[in-house]
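Chemist: Chain by chain, the residues run as shown.
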Amino acid sequence: DAGVIQSPRHEVTEMGQEVTLRCKPISGHDYLFWYRQTMMRGLELLIYFNNNVPIDDSGMPEDRFSAKMPNASFSTLKIQPSEPRDSAVYFCASTNPSLASLIVEQFFGPGTRLTVL
Amino acid sequence: QQQVKQSPQSLIVQKGGISIINCAYENTAFDYFPWYQQFPGKGPALLIAIRPDVSEKKEGRFTISFNKSAKQFSLHIMDSQPGDSATYFCAASSVGGGADGLTFGKGTHLIIQP
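Chains as they are written, first to last, in this note's numbering: chain G, 1 to 117; chain B, 1001 to 1114.
Derived by calculation from the structure, the hints in this document are not laboratory data. Check before you lean on any hint, since a few could be wrong.
Stated by the list, open to error - Here are the simulated distance ranges between beta carbons:
(1) G/Asp57 to B/Val1054: 16 to 24 angstroms
(2) G/Ile103 to B/Asn1022: 20 to 28 angstroms
(3) G/Gln17 to B/Gly1016: 25 to 33 angstroms
(4) B/His1109 to G/Pro61: 24 to 32 angstroms
(5) G/Ser87 to B/Gly1083: 25 to 33 angstroms
(6) G/Pro70 to B/His1109: 36 to 44 angstroms
(7) G/Gln17 to B/Ser1069: 44 to 52 angstroms
(8) B/Gly1041 to G/Ser27: 34 to 42 angstroms
(9) B/Asn1027 to G/Asp30: 18 to 26 angstroms
(10) B/Arg1061 to G/Ala2: 47 to 55 angstroms
(11) B/Glu1056 to G/Glu62: 17 to 25 angstroms
(12) B/Asn1027 to G/Asp63: 25 to 33 angstroms
(13) G/Pro8 to B/Ser1069: 43 to 51 angstroms
(14) G/Asn52 to B/Pro1008: 34 to 42 angstroms
As the list claims (entries may be wrong) - Straight line, CA to CA, 20 angstroms or less: simulated SDA-like cross-link-like pairs of lysine to any residue:
(15) B/Lys1106 to G/Arg41
(16) B/Lys1106 to G/Lys78
(17) B/Lys1106 to B/Leu1011
(18) B/Lys1005 to B/Thr1063
(19) B/Lys1042 to G/Arg41
(20) G/Lys78 to G/Val89
(21) B/Lys1005 to B/Ala1070
(22) B/Lys1106 to G/Ser87
(23) B/Lys1106 to G/Gln37
(24) B/Lys1005 to B/Ile1020
(25) B/Lys1005 to G/Ser87
(26) B/Lys1005 to G/Pro110
(27) B/Lys1042 to G/Pro110
(28) B/Lys1042 to G/Ser87
(29) G/Lys24 to B/Ala1045
In this text the structure is predicted, and so the values were computed from the model without any measurement. Where a beta carbon is used, it is the ideal one built from N, C-alpha and C, also for glycine.
Using the sequences and the accompanying hints, generate a full structural model.
Modeler: Here it is in structure tokens:
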């Protein structure tokens, strides 16, 4: 398996523009997570899905952020309009909890580094 | 509100020494405590994890010590090697033990000097 795939790897945009980040989870994983990493705030959970349904979006900073998961193999995180303070590395992760294991590993993608000028 | 506090922020250890990173949590509903390792330009990767029904878990050179009453847990890296140089994050979750979102500490930048 190729692991969690994210695109683009780098995005530079102007303030006010719409930004769409994409994620393809590992096949068979039914949980998908979006995290944001900054120097100041560290790694923060934004939202997560189970079987394509949003379960907890309490970490989404404001209405400018939205996330969708139209099917089991694709998710998007959209920022509209973008602001300089949105500059961060955005990670997507996926997992498939097993009743046979006490350890639940979230597999992270390589991240998208977003710079908003 | 920071629910998982991690220290130190940075750590320098000589090769062969013991690296110790500490975390404390506030939410008593947490029931799963993983440690993630992150190299520059990469996503975090699971290193080792523990549940609160045990006080210690060892995997190779890595050991988690867990103190439920104090709401603290720590990572020990024995015989630290230059390849261990990375950023380490403690984390916690509840409601399904890892199948929900993780609450991360701020991270520890570990440097192992040869």
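Chemist: Evaluate each hint against the coordinates.
Modeler: Results for each hint:
1. G/Asp57 to B/Val1054: 16 to 24 angstroms: violated, 33 angstroms
2. G/Ile103 to B/Asn1022: 20 to 28 angstroms: Holds, at about 22 angstroms.
3. G/Gln17 to B/Gly1016: 25 to 33 angstroms: violated, 51 angstroms
4. B/His1109 to G/Pro61: 24 to 32 angstroms: Given range 24 to 32 angstroms: holds, Cβ gap about 25 angstroms.
5. G/Ser87 to B/Gly1083: 25 to 33 angstroms: 30 angstroms Cβ-Cβ, so the 25 to 33 angstroms window holds.
6. G/Pro70 to B/His1109: 36 to 44 angstroms: Holds - the Cβ-Cβ distance for G/Pro70 and B/His1109, about 38 angstroms, lies within 36 to 44 angstroms.
7. G/Gln17 to B/Ser1069: 44 to 52 angstroms: Because 51 angstroms falls inside the window, the suggested range holds.
8. B/Gly1041 to G/Ser27: 34 to 42 angstroms: violated, 25 angstroms
9. B/Asn1027 to G/Asp30: 18 to 26 angstroms: holds, 25 angstroms
10. B/Arg1061 to G/Ala2: 47 to 55 angstroms: Between B/Arg1061 and G/Ala2, where Cβ atoms are some 29 angstroms apart, the hint is violated.
11. B/Glu1056 to G/Glu62: 17 to 25 angstroms: violated, 42 angstroms
12. B/Asn1027 to G/Asp63: 25 to 33 angstroms: The hinted range 25 to 33 angstroms holds for B/Asn1027 and G/Asp63, with Cβ atoms some 27 angstroms apart.
13. G/Pro8 to B/Ser1069: 43 to 51 angstroms: Holds - the Cβ-Cβ distance for G/Pro8 and B/Ser1069, about 47 angstroms, lies within 43 to 51 angstroms.
14. G/Asn52 to B/Pro1008: 34 to 42 angstroms: Given about 40 angstroms between the Cβ atoms, the range holds.
15. B/Lys1106 to G/Arg41: Status holds; Cα separation ~7 angstroms.
16. B/Lys1106 to G/Lys78: Answer violated: B/Lys1106 to G/Lys78 is near 25 angstroms, above 20 angstroms.
17. B/Lys1106 to B/Leu1011: holds, 14 angstroms
18. B/Lys1005 to B/Thr1063: Holds, at roughly 19 angstroms.
19. B/Lys1042 to G/Arg41: holds, 18 angstroms
20. G/Lys78 to G/Val89: With a Cα-Cα distance of about 14 angstroms, the restraint between G/Lys78 and G/Val89 holds, given a limit of 20 angstroms.
21. B/Lys1005 to B/Ala1070: holds, 13 angstroms
22. B/Lys1106 to G/Ser87: holds, 18 angstroms
23. B/Lys1106 to G/Gln37: holds, 10 angstroms
24. B/Lys1005 to B/Ile1020: Holds - the C-alpha atoms of B/Ile1020 and B/Lys1005 are around 14 angstroms apart, at most 20 angstroms.
25. B/Lys1005 to G/Ser87: Given that 20 angstroms is the threshold and the Cα spacing comes to 24 angstroms, the pair is violated.
26. B/Lys1005 to G/Pro110: violated, 25 angstroms
27. B/Lys1042 to G/Pro110: The hint holds at about 5 angstroms.
28. B/Lys1042 to G/Ser87: Distance ~17 angstroms between B/Lys1042 and G/Ser87 Cα, so the pair holds.
29. G/Lys24 to B/Ala1045: holds, 17 angstroms
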